[in-house]
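Q: Listed here are the chains, written in short residue letters.
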Amino acid sequence: MTRINDFAFKIATPNGTGSSSANGLLMQAIFRMGVPVTGKNVFPSNIQGLPTWYEIRVSKDGYTARTQQFDLMLALNAQTYQKDVAEVRTNGWLLYDSTWPLEGSVARADVTYLGVPLSEMVNGAFKGVRERILMKNIAYVGALAALLEIDTDVIRTLLKEKFGRKPALMDSNQKAVDLGYEYAKTHLGAPLPIHLAPLDLTKDAILIDGNTSSGLGCVYAGATVGAWYPITPSTSLMEGFKGFCDKFRKTEDGKKKFAILQAEDELAAIGMVIGASWAGARAFTPTSGPGISLMGEFVGLAYYAEIPAVIFDVQRTGPSTGMPTRTQQGDLMLCAYASHGDTRHICLYPSDPREAFEFAVTAFDLAERFQTPVFVLSDLDIGMNDWMVPKLEWDDSYRPDRGKVLSAAELEQAKQFYRYLDVDGDGIPYRTLPGVHPKGAFFTRGSGHNKLGGYTEDDVEYADVMERISRKTQNAAQAVPAPFVRKGSKATTLGLLTVGGCHGACMEALDLLAKDGIALDYMRVRGFPFGDEVKKFLDAHETVFVVEQNRDGQLRSLLTLETGVPPAKLSSVRYWGGFPMSAQHVIAGVKAKIEVAA
Amino acid sequence: MTRINDFAFKIATPNGTGSSSANGLLMQAIFRMGVPVTGKNVFPSNIQGLPTWYEIRVSKDGYTARTQQFDLMLALNAQTYQKDVAEVRTNGWLLYDSTWPLEGSVARADVTYLGVPLSEMVNGAFKGVRERILMKNIAYVGALAALLEIDTDVIRTLLKEKFGRKPALMDSNQKAVDLGYEYAKTHLGAPLPIHLAPLDLTKDAILIDGNTSSGLGCVYAGATVGAWYPITPSTSLMEGFKGFCDKFRKTEDGKKKFAILQAEDELAAIGMVIGASWAGARAFTPTSGPGISLMGEFVGLAYYAEIPAVIFDVQRTGPSTGMPTRTQQGDLMLCAYASHGDTRHICLYPSDPREAFEFAVTAFDLAERFQTPVFVLSDLDIGMNDWMVPKLEWDDSYRPDRGKVLSAAELEQAKQFYRYLDVDGDGIPYRTLPGVHPKGAFFTRGSGHNKLGGYTEDDVEYADVMERISRKTQNAAQAVPAPFVRKGSKATTLGLLTVGGCHGACMEALDLLAKDGIALDYMRVRGFPFGDEVKKFLDAHETVFVVEQNRDGQLRSLLTLETGVPPAKLSSVRYWGGFPMSAQHVIAGVKAKIEVAA
Amino acid sequence: MTYIAKPKVHAPTLTKNEIGLTRRDYEGTVSTLCAGCGHDSITAAIIQAFWELSIPPYKVAKLSGIGCSSKTPTYFLREAHGFNSVHGRMPALMSGANAANGDITYIGVSGDGDSLSIGFGQFGHAIRRNVNALYVLENNGVYGLTKGQFSAAADKGSTSKKGEANTMEPIDGCLMALTLGATFVARSFSGDKAQLVPILKAGLAHKGLAFVDVISPCVTFNDHEGSTKSYAYTREHNVEIVHADFVPPAEEITADYASGTLQNVMMHDGSWVRLRKFAQEYDATNRDTAYAYIRARQREGEVLTGLLYISPDSQDMHTQMGTVETPLVQLPYESLCPGNAELQKLQAKFR
Amino acid sequence: MTYIAKPKVHAPTLTKNEIGLTRRDYEGTVSTLCAGCGHDSITAAIIQAFWELSIPPYKVAKLSGIGCSSKTPTYFLREAHGFNSVHGRMPALMSGANAANGDITYIGVSGDGDSLSIGFGQFGHAIRRNVNALYVLENNGVYGLTKGQFSAAADKGSTSKKGEANTMEPIDGCLMALTLGATFVARSFSGDKAQLVPILKAGLAHKGLAFVDVISPCVTFNDHEGSTKSYAYTREHNVEIVHADFVPPAEEITADYASGTLQNVMMHDGSWVRLRKFAQEYDATNRDTAYAYIRARQREGEVLTGLLYISPDSQDMHTQMGTVETPLVQLPYESLCPGNAELQKLQAKFR
Ligand SMILES: Cc1ncc(C[n+]2csc(CCOP(=O)(O)OP(=O)(O)O)c2C)c(N)n1
Ligand SMILES: Cc1ncc(C[n+]2csc(CCOP(=O)(O)OP(=O)(O)O)c2C)c(N)n1
Ligand code: SF4
Ligand code: SF4
Ligand SMILES: [Mg+2]
Ligand SMILES: [Mg+2]
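Chains as they are written, first to last, in the numbering used here: chain A, 76 to 673; chain B, 76 to 673; chain C, 109 to 459; chain D, 109 to 459.
Calculated directly from the structure, the hints in this document are not laboratory data. One thing to keep in mind: the hints can contain errors.
Said to hold, decoys possible - According to the in silico footprint, chain A covers these stretches of chain D (three or more CB under 8 Å from chain A): (1) 189 to 199; (2) 281 to 295.
What the hints assert, rightly or not - A few chain C residues that don't get close to chain A, going by computed Cβ distances all over 10 Å: (3) Gly232; (4) Arg237; (5) Gln371; (6) Ala404; (7) Pro420; (8) Asn448; (9) Arg459.
For glycine and all other residues, C-beta sits at the position ideal for the given N, C-alpha and C.
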């Protein structure tokens with residue numbers, strides 16, 4: 076039975092054979108046809124040879140979560156052939172390179188095999204190893220165009236846009252597409268029952284990954300100093316920032332209105348960020364779990380000495396090195412309470428590349444307003460995969476919230492300046508920057524200090540400052556982005572609460588559960604410390620399913636610690652093996668508990 | 076009204092004037108008289124000149140907690156004179172150096188001033204600046220001997236023991252003692268109504284600090300490798316270990332049966348410990364908060380690769396540098412969940428130097444048995460102050476629990492060895508050591524691995540290992556030292572729960588509260604993960620007061636997360652300004668809540 | 109206890125510098141170091157250098173790590189922003205602050221433990237970046253604040269107060285700096301103000317990282333027999349090869365030395381450093397001969413002091429990065445944000 | 109996916125070494141590095157060196173940090189304990205393991221990012237301790253595993269794949285090692301097995317830390333024009349000054365070279381390293397001339413390879429610490445615990 080604009084296929088290739096451009100081409104083509112699409116790149120922690128997969132989901136309903144149902148598999152990697160065959164859904168299709176006979180493995184009866192002599196075709200048509208390898212990928216794009224009815228004009232246009240200046244390259248790419256297309260048309264009885272049909276659902280959207288959008292957010296926020304040490308999956312955030320700065324932040328004579336410091340490690344990177352913020356710049360560092368672990372001491376300094384800092388934690392599968400090219404939400408607890416002693420940090424939790432853009436800006440405003448480190452926790456799935464999101468908008472009237480920074484004029488007026496006095500009763504003291512005014516001078520230290528900024532070893536003076544900082548952080552609870560909330564299809568005592576990248580899976584699951592008559596109210600927290608709404612939501616429901624991607628239920632832990640609700644009512648739903656969460660994970664988790672209950 | 080063997084006095088001097096030996100002499104003399112005594116050294120984070128205080132509490136009831144009531148003050152530091160005068164209890168005494176006229180400050184009418192011309196006396200009797208400064212301290216010992224009736228024969232004996240080989244030194248010390256003694260006798264109408272009288276309560280006890288006893292514990296545990304980077308207040312632990320090793324661990328020809336590596340920083344120190352443990356040695360590192368923050372990444376590696384490591388966290392007042400010479404319990408949360416990703420670590424919480432000795436040994440047994448890092452959390456008060464504790468005993472039948480380490484013989488038998496298989500169903504796999512047997516070889520990695528020890532990026536294989544590790548750690552809950560428990564004077568719905576160094580203050584508070592008719596059942600947790608008894612205790616009481624020394628109630632947080640009891644029933648009692656906790660803090664906290672309730 | 113501010117008695121007799129400030133105006137709070145600590149002498153020299161150069165204190169940022177040495181920034185330039193940070197990580201803070209605002213004068217104060225033990229990596233990489241700052245390493249061969257353990261600068265064979273001998277090769281900050289391509293390398297002795305002050309001044313005028321290793325005896329833990337960082341030892345074995353003499357842009361140079369013993373180096377701001385030489389063959393602008401000469405003297409147990417190396421064509425971090433003249437912190441937001449129109453244009457790329 | 113073990117086909121023709129093992133027995137799992145990666149050539153040389161020395165694989169511990177280079181220990185000595193640890197921290201693990209058990213052979217594999225960027229501090233301090241181990245730095249001038257950013261070893265002016273030029277001085281591992289007092293310093297090229305194998309063998313025989321910097325082109329990110337770490341560049345500019353030739357204790361030395369061009373260095377285990385010299389004036393036992401010569405050639409854009417420096421009187425970490433002969437891990441508990449009687453005696457001190 077045919078399914079239009081609602082199916083998923085997966086492409087299995089060895090790493091480093093250049094399939095990514097082919098997959099990008101597919102994504103864009105479908106997107107340009109106005110059909111909602113998402114891609115998940117499942118790649119290894121190596122540079123060449125190990126297996127890699129690219130998953131493309133087409134969904135007229137606009138679902139972006141990963142699916143576990145693959146209608147069509149392009150099994151182009153001998154290493155994983157068996158595994159890949161097994162993954163095709165019953166009555167699905169499998170495309171393979173028929174240049175060589177099918178592997179001895181018993182063929183699946185419930186799967187239709189589609190042989191395309193990819194190697195043979197390209198070897199005939201192209202010279203040179205490199206070109207043949209690359210064109211083989213483009214050839215399968217052609218075959219898929221036929222099988223899935225991808226608009227070939229769109230593909231042609233895309234190739235023009237990409238290779239406009241390199242006609243030779245364009246021709247060979249077009250040739251490869253045509254080869255694949257013709258073969259599929261004539262030999263495989265294309266199209267398949269699952270295929271595309273033009274829609275008009277993407278014109279206000281873009282395809283973008285969260286690292287790129289966060290890098291762009293830093294540019295729009297007016298960040299001028301970025302310090303980093305490369306680490307997967309955060310690397311492309313700084314590369315994005317650099318790219319946009321080269322475009323937007325250079326004077327006619329090529330001088331830079333930004334500074335990017337490639338530090339020797341993460342301890343230095345966060346140190347540079349704190350130094351730059353202390354001097355008055357908006358500064359940030361992108362990293363991942365291992366980097367956060369190394370930044371602990373410095374984060375404590377920034378917390379206690381009250382210096383802004385923006386840290387992007389693009390989470391990967393931990394602890395330790397773990398699986399660097401797989402996703403997880405394993406740093407929720409660490410970031411909330413990083414460093415020794417009593418600390419508590421503002422955290423932001425984007426759920427997709429659009430929020431990754433917006434929250435980058437929010438992060439700088441909060442960091443400077445509250446004079447404290449702010450963590451933006453995304454993950455590999457949000458950061459490195461191409462998501463379809465509504466176009467980004469920018470309000471030109473936006474001006475940065477630099478917080479309470481005294482100007483030279485204000486200092487000139489002031490009788491005397493004390494760094495850590497709670498003048499306004501909001502727990503936020505006034506700051507000064509170096510080089511502005513003699514009266515602004517003060518001594519920053521991570522050692523004991525009193526509200527005047529003087530060194531102290533006195534318990535009352537010490538506690539006084541620490542209590543104020545605690546109040547200050549609590550006040551941030553109402554300043555972080557409010558939770559996203561959606562009422563259930565009908566009144567219910569059940570709630571579903573999640574964070575970050577699980578959003579797509581939860582939204583899809585809620586729809587499907589509703590079809591089964593199971594209604595849940597939904598909340599997605601977007602910032603920490605949690606605002607009152609969160610406790611209210613938990614209080615308002617008998618059972619709240621807490622959906623997250625880590626082993627120990629870290630979001631559930633944060634909710635327990637911060638809202639004081641009885642933990643018993645928080646029912647944990649987790650998947651944390653490294654793939655993005657799917658609606659099926661959520662549904663299974665919820666149903667299991669409900670059945671038990673029933 | 077006179078009080079015998081139950082009073083406290085405090086000695087205020089500038090840092091670096093050598094008063095510590097005088098104070099030690101006082102402590103020992105009182106102790107030798109059979110009277111229970113504790114000393115709290117309140118010193119600054121500098122080497123010379125800043126104010127320092129030494130507090131001595133005499134308690135026939137054997138209370139060891141810090142008191143806030145000082146009967147007698149030796150105000151010998153002009154810098155803090157005002158503050159010190161103010162701190163004497165009503166109708167108390169103040170001893171000052173009458174060589175110079177009293178400071179202009181209005182004298183307190185409710186305090187008796189005792190002038191002793193200390194400088195004058197020593198300047199007359201001794202030559203040379205150094206000797207005069209030192210002897211001035213010994214002179215006040217003499218004065219106190221008269222005022223408090225400290226047995227002068229005991230003092231003489233102590234001086235003999237100390238300076239037996241240096242008669243000149245002994246004579247001048249004795250002379251200084253006599254000077255002070257005579258003066259007080261003849262001019263101050265010694266003794267004071269508060270004074271000592273011989274008892275027989277210390278013969279089975281010793282005076283020792285927790286760092287020294289932990290260092291000794293490491294020797295008895297058979298630790299052979301210690302790696303460290305100096306940091307207050309943990310430094311004396313390694314110095315202790317070194318001293319005892321020099322005494323007990325050298326061959327006739329002076330070769331060492333131990334290795335102490337002074338690392339370049341804490342990252343290196345923990346790395347050396349993990350490397351040494353991996354190679355099969357019992358290895359440890361002592362540090363404090365900032366060091367723990369720096370060790371995060373390595374701790375995660377040891378957790379996931381399952382390598383033993385023993386880390387002593389002698390806690391100080393944090394976050395950041397904080398007050399390095401003040402005490403706190405600020406690292407409870409950090410140590411329990413250190414590093415990025417999902418982790419959970421075994422922690423031990425000694426309450427005094429005796430447990431600091433015992434738990435050092437326990438730590439190595441647990442680390443090797445469970446193949447994971449173990450934290451021993453003491454604090455500056457336990458680690459650096461002299462406590463009176465029962466004599467240490469050693470069971471010569473003790474043999475280290477090296478855990479599941481396969482010998483060459485066992486490997487010879489084995490068909491094949493897989494590092495991470497749960498052979499026995501207890502979550503603990505088998506280990507091998509380098510250089511033992513070809514069959515024992517395996518590849519240790521912090522990156523994704525499966526139960527066979529192979530590299531993996533497969534979600535099921537990855538989760539399988541992480542789940543087992545989680546089970547393993549949970550099993551440790553029944554292996555850590557069981558909580559200390561004491562029933563209330565009568566049946567009660569109120570509980571008091573604490574950890575570590577708060578023990579003394581709690582025990583004293585319980586007695587005093589009982590006198591006021593307030594009965595509470597008492598529990599002190601001694602290890603993490605918590606055993607079932609802890610949840611049972613919490614369930615069994617309507618309200619449980621949780622007493623601890625940090626701002627955010629970290630023990631309360633751990634209890635909430637780990638036992639799942641409704642947080643509301645856990646009522647937090649905290650003091651965290653940097654001084655050791657006093658019974659008064661506990662009583663005030665408890666009564667405040669009870670009054671509110673009533 | 110809050111710090112005790114020194115009474116600001118302005119005796120009219122106190123001489124004023126070009127911007128009308130007296131030495132007092134360059135002081136900080138009272139030192140809490142041990143009486144006789146070498147670090148206090150260095151503080152005095154720093155005060156003198158800034159005063160002589162007439163640098164407005166509030167235009168200075170003073171940063172340090174943790175240690176007795178790292179406490180000293182509290183003791184000078186009351187009106188400068190100070191940052192007593194975390195152990196061994198001052199260089200990163202300084203690099204970041206400098207990137208944000210290159211218009212103020214940076215002085216980083218560190219110890220041998222702070223820079224050569226825990227901070228070794230950051231020390232090396234700050235030199236590599238050639239951050240425009242004066243980097244003063246107050247070198248006593250021990251960890252003073254933690255009571256006298258050997259630092260990585262402790263000389264082989266030198267004995268600790270507890271009587272133990274150090275078995276490892278010391279790390280020599282100057283050789284390290286030269287090997288890392290430092291553009292300004294000097295060594296002096298806390299007790300030798302006459303030599304130290306001009307070196308500090310030259311370092312402040314240098315555009316790039318000016319590394320100054322100052323032997324600074326720890327009277328409490330490392331000033332005894334057998335310590336090569338003691339007052340006695342340094343006084344005896346201190347060999348001065350090059351005496352730096354700093355001349356501000358204004359004045360012209362009076363060549364009152366026999367030629368051949370005099371070398372003039374022009375600084376980026378047009379000022380001059382005049383190097384008076386005691387060792388004829390020494391060329392302070394040649395990195396390799398400098399290295400070789402330090403080593404040669406070391407073998408004789410001598411401590412070579414003076415301005416050991418200076419690169420006239422130093423390219424500091426900003427020059428290498430190619431940042432705009434205006435300090436980044438002073439760029440108006442409007443000149444940093446591309447605005448919505450650009451954003452919409454840009455997004456064509458993402459379709 | 110678990111690793112794919114190579115089929116262990118024992119072709120009888122495979123020659124056996126003194127302990128009856130073939131090269132195959134010194135191999136590991138199949139490499140997952142890029143085809144043509146220099147690191148794989150180094151792996152081959154390591155296999156050859158261990159095989160030739162007839163070291164039982166299980167008596168070896170192979171440690172590394174994180175990076176493409178740090179993955180390679182999986183590819184050799186299947187029967188040795190391996191440890192692919194965390195980024196930049198291999199030296200600390202190696203020092204600790206060595207302290208616990210000095211009886212096995214240690215090889216540490218690292219990359220230029222791993223050792224000269226994040227691991228710079230640990231690299232320096234391991235050298236200072238003179239840990240008895242072979243330390244191989246597989247130097248490609250980039251961070252391979254994170255896709256080609258410059259490492260601290262990237263040469264000034266060398267351009268990245270994205271076309272940017274590096275503005276900073278490179279850190280030269282060999283100069284750094286010499287300055288830190290390393291006792292064995294060598295440099296080679298992954299493509300030059302004939303030179304590399306004997307150097308590795310000499311390093312394994314050396315008692316102390318043997319530092320070997322191996323230029324190892326990254327074919328994917330740093331083997332293009334303008335990269336001084338490319339195959340082409342290294343082949344052209346590689347100047348071999350000293351060819352090491354290792355002779356196990358057994359065999360005696362046949363001096364089949366014109367005297368003057370031959371220098372024999374006796375190793376702690378009685379074996380010899382025979383240094384055949386190409387540059388007459390070069391003395392591989394003089395740290396300072398070594399340093400100067402490397403610098404001199406560098407100025408000519410040449411990469412000096414060979415055994416650059418070896419100290420015949422090297423004192424390794426254990427010798428310095430004065431530990432017992434028996435490895436600490438083998439000391440019976442009974443010989444470590446003083447027992448209760450001693451404990452009771454001791455406590456008199458605490459009264
Ligand atoms: C992370 C961390 N580790 C250890 C310490 C303890 N500590 C404070 S100062 C110091 C050494 C200081 O030595 P140096 O830098 O030479 O300064 P000095 O006191 O000798 O002037 C150490 C180890 C610390 N503050 N932070
Ligand atoms: C703490 C930490 N930071 C960053 C990374 C990411 N990372 C992995 S390998 C690598 C650089 C490797 O470079 P190099 O040591 O030269 O090895 P190569 O791949 O070039 O052989 C980095 C930055 C990490 N794994 N851990
Ligand atoms: S301990 Fe040493 S370094 Fe520290 S203040 Fe005293 S003399 Fe100076
Ligand atoms: S990326 Fe470079 S270093 Fe890494 S495996 Fe490929 S060629 Fe080797
Ligand atoms: Mg020092
Ligand atoms: Mg590299």
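Q: Could you run down the list of hints and mark each one as holding or not?
A: We went through each hint and held it up to the structure:
Counting residues of the region 189 to 199 of chain D whose CB lies closer than 8 Å to any CB of chain A gives 3, which reaches the minimum of 3, so the coverage claim holds. For the region 281 to 295 of chain D, the assignment as covered by chain A is violated, since 0 residues bring a beta-carbon within under 8 Å of that chain's beta-carbons and 3 are needed. Listed as outside the interface, Gly232 (chain C) is inconsistent with that label: its C-beta sits roughly 8 Å from the nearest C-beta of chain A, within the 10 Å cut-off. Annotated as non-interface, Arg237 (chain C) brings its C-beta within 10 Å of a C-beta of chain A; the closest such distance is 8 Å.
Consistency note on Gln371 (chain C): stated as away from chain A, and its beta-carbon is indeed over 10 Å from all of that chain's, at 34 Å minimum. In this structure Ala404 (chain C) is separated from chain A by more than 10 Å, as the shortest Cβ-Cβ distance comes to about 32 Å. The claim that Pro420 (chain C) lies off the interface holds: its Cβ sits roughly 24 Å from the closest Cβ of chain A, which is beyond the 10 Å cut-off. For Asn448 (chain C), the condition that its CB be more than 10 Å from all CB atoms of chain A is violated, with the nearest at approximately 4 Å.
For Arg459 (chain C), the requirement that its beta carbon stay farther than 10 Å from each beta carbon of chain A is not met, with the minimum near 6 Å.
Checked against the numbered hints given earlier, this structure breaks hints 2, 3, 4, 8 and 9; the rest are met.
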